[in-house]
Amino acid sequence: MSWMHTIFALILLPAIATGMFRILRGPTAADRMMTAQLFGTCGVAILLLLSTGMGNPVLLDIALVFALLAALATITFVRRTWHGSNKRNHGNPL
Amino acid sequence: MIRDHHVPRGSTLFDVNRHSFLRILVFSAVWWVLTGSDISSWIVGIPAVLIASKLSLMLSPPSQCPLSLLGALHFIPFFLYQSFRGGIDVMRRTLLRQQLLDPGLVSYVTILPRGSARIFFVNTISLLPGTLSAKLDENQVTVHTLDRGMPVWANIQALEYHVAALMNISTQKKNCL
Amino acid sequence: MIYSILTLFDIILILTMLWLAWCLLNTEDIFKAVVLFISFGLLMALAWVRMRAPDVALAEAALGAGLTGPLFLSALRRMNRTRKGERRLDSDENREKEHKANQEQG
Amino acid sequence: MAATKETMEILYNCGTLFIILGLPFFLSGTVGLIRFPDIYTRLHALTKADNVGLGCIVCGLALQSGSWAVTAKLLLIWLLVLVASSASCHLIARSAMQKNIEPWTRS
Chain A
98 MSWMHTIFAL ILLPAIATGM FRILRGPTAA DRMMTAQLFG TCGVAILLLL
148 STGMGNPVLL DIALVFALLA ALATITFVRR TWHGSNKRNH GNPL
Chain B
3 MIRDHHVPRG STLFDVNRHS FLRILVFSAV WWVLTGSDIS SWIVGIPAVL
53 IASKLSLMLS PPSQCPLSLL GALHFIPFFL YQSFRGGIDV MRRTLLRQQL
103 LDPGLVSYVT ILPRGSARIF FVNTISLLPG TLSAKLDENQ VTVHTLDRGM
153 PVWANIQALE YHVAALMNIS TQKKNCL
Chain C
1264 MIYSILTLFD IILILTMLWL AWCLLNTEDI FKAVVLFISF GLLMALAWVR
1314 MRAPDVALAE AALGAGLTGP LFLSALRRMN RTRKGERRLD SDENREKEHK
1364 ANQEQG
Chain D
31 MAATKETMEI LYNCGTLFII LGLPFFLSGT VGLIRFPDIY TRLHALTKAD
81 NVGLGCIVCG LALQSGSWAV TAKLLLIWLL VLVASSASCH LIARSAMQKN
131 IEPWTRS
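Protein chains in written order, with the working numbering: chain A, 98 to 191; chain B, 3 to 179; chain C, 1264 to 1369; chain D, 31 to 137.
Because the hints were derived from the structure by calculation, they are not lab data. What you are looking at is a predicted structure, and each value in this text was computed from that prediction instead of being measured. A hint or two may mislead.
DMTMM-like cross-link-like pairs, simulated, lysine to aspartate or glutamate; straight-line CA separation at most 25 angstroms [what the hints assert, rightly or not]:
(1) LYS129(D) with ASP139(B)
(2) LYS137(B) with ASP158(A)
(3) LYS129(D) with GLU140(B)
(4) LYS1295(C) with ASP128(A)
(5) LYS129(D) with ASP128(A)
(6) LYS137(B) with ASP68(D)
(7) LYS129(D) with ASP149(B)
(8) LYS1295(C) with GLU132(D)
(9) LYS137(B) with ASP104(B)
(10) LYS129(D) with GLU39(D)
(11) LYS1295(C) with ASP68(D)
(12) LYS129(D) with ASP104(B)
(13) LYS129(D) with ASP1273(C)
(14) LYS137(B) with GLU132(D)
(15) LYS137(B) with ASP149(B)
Covered by chain B, per the in silico footprint, the following chain D stretches (three or more residues, Cβ under 8 angstroms) [unchecked claim]:
(16) 45-51
(17) 55-62
In this text, a Cβ means the ideal position worked out from N, Cα and C, and glycines have one as well.
Can you make the complete structure from the sequences, with help from the hints?
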């Protein structure tokens, strides 16, 4: 247990909360998706810090899953949702 | 994608050449990292490692431009330093009061061969200071830059040189395949 | 000391999640809702961690954010395609058309 | 054993410094996401700042952990995030180019 790491994690939490504005406001769909990516990266950092702060090494595994799956969502978004939405203009989907 | 190479595809399941040995070593290391020092986990681990190395050999067959250790020793410090500079650069632009942005598109023709070297190059461009790879047509990379005043061209060229050294590609030859 | 910091952490996390959930329920744009859902899943995993249930957090991160998110995104594309093919099964227009047809027959 | 204890303490403090160094990168990544004018510049802020910030934090935690297994796991996580974010960054930028989204320019 270390209070210092907990404070660091606490500092990172507003970074996530502020990212919300971009989801609400983002003009294009990609802007919104990028915020989800930011949540993923910040979430990994918070989990790493909490794993020392709470003294629980299992949290490293959760961080690993975060790192893998946040990217999965972005890639699905680009290949499925965003590309498919106006295929008429550009005939070459990837 | 590199497809026209001569790796014995129809070989036996566990024929031990240099490539498969290396991959088995890498995947064993990953398994060790994931599970820690628990010996009983290797009951599942050994089959998993073998299947993973077989699959990886099938999906991305070893290229003729293998990684060089010396190149990696040069590349890693270069990459760490450059990406750190990139982070500092972005931080400066975001936190200062007036906006220091002068974005634009730069196009760059790479001499790296198609395949893993070029993909690696395009992906690492995004982590360099002020550059972001936005498009890849054959050997032409379109790079978005945060500041047109930066020496983008020189930066990318340095990166290309290091990637070539990492992948054992001589920069004189146009194509290593 | 550490407990007060963790409590503060929890409070901020809860407030963020409540705000997120409120926006998620209120939004009209479906894509925005999907992105908010993915973000909510990630924060929910953090919340499970704070409730000392790391195994549930693992499942939440994998299922909530990792699988359901891409699933929704794929479904969204199907929905758009259906809409373009003028075959909106569930829309009010269709229902009105059916209603009119029924009335004409009746 | 006093010497090893001292080195441990030095390593621990170095790790703390690294973590403190990493935090502003994350904050600047978020600020950039909010402040920058178009999608490409936001991608710049997101990928670079966050990766460097995570790198600093991983480095600091690795120095503090004092065990090779934990260090290797932290490095694996960082590598995964690095690969994932650079790949998805390129994908988003390429799709944006294909959709003819014009980059913002100073005019």
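Hint-by-hint comparison with the structure:
no.: 1; hint: LYS129(D) with ASP139(B); result: holds (16 angstroms)
no.: 2; hint: LYS137(B) with ASP158(A); result: violated (34 angstroms)
no.: 3; hint: LYS129(D) with GLU140(B); result: holds (19 angstroms)
no.: 4; hint: LYS1295(C) with ASP128(A); result: holds (10 angstroms)
no.: 5; hint: LYS129(D) with ASP128(A); result: holds (14 angstroms)
no.: 6; hint: LYS137(B) with ASP68(D); result: holds (17 angstroms)
no.: 7; hint: LYS129(D) with ASP149(B); result: holds (23 angstroms)
no.: 8; hint: LYS1295(C) with GLU132(D); result: holds (23 angstroms)
no.: 9; hint: LYS137(B) with ASP104(B); result: holds (19 angstroms)
no.: 10; hint: LYS129(D) with GLU39(D); result: violated (54 angstroms)
no.: 11; hint: LYS1295(C) with ASP68(D); result: holds (18 angstroms)
no.: 12; hint: LYS129(D) with ASP104(B); result: holds (22 angstroms)
no.: 13; hint: LYS129(D) with ASP1273(C); result: violated (41 angstroms)
no.: 14; hint: LYS137(B) with GLU132(D); result: holds (13 angstroms)
no.: 15; hint: LYS137(B) with ASP149(B); result: holds (18 angstroms)
no.: 16; hint: 45-51; result: violated (count 0)
no.: 17; hint: 55-62; result: holds (count 5)
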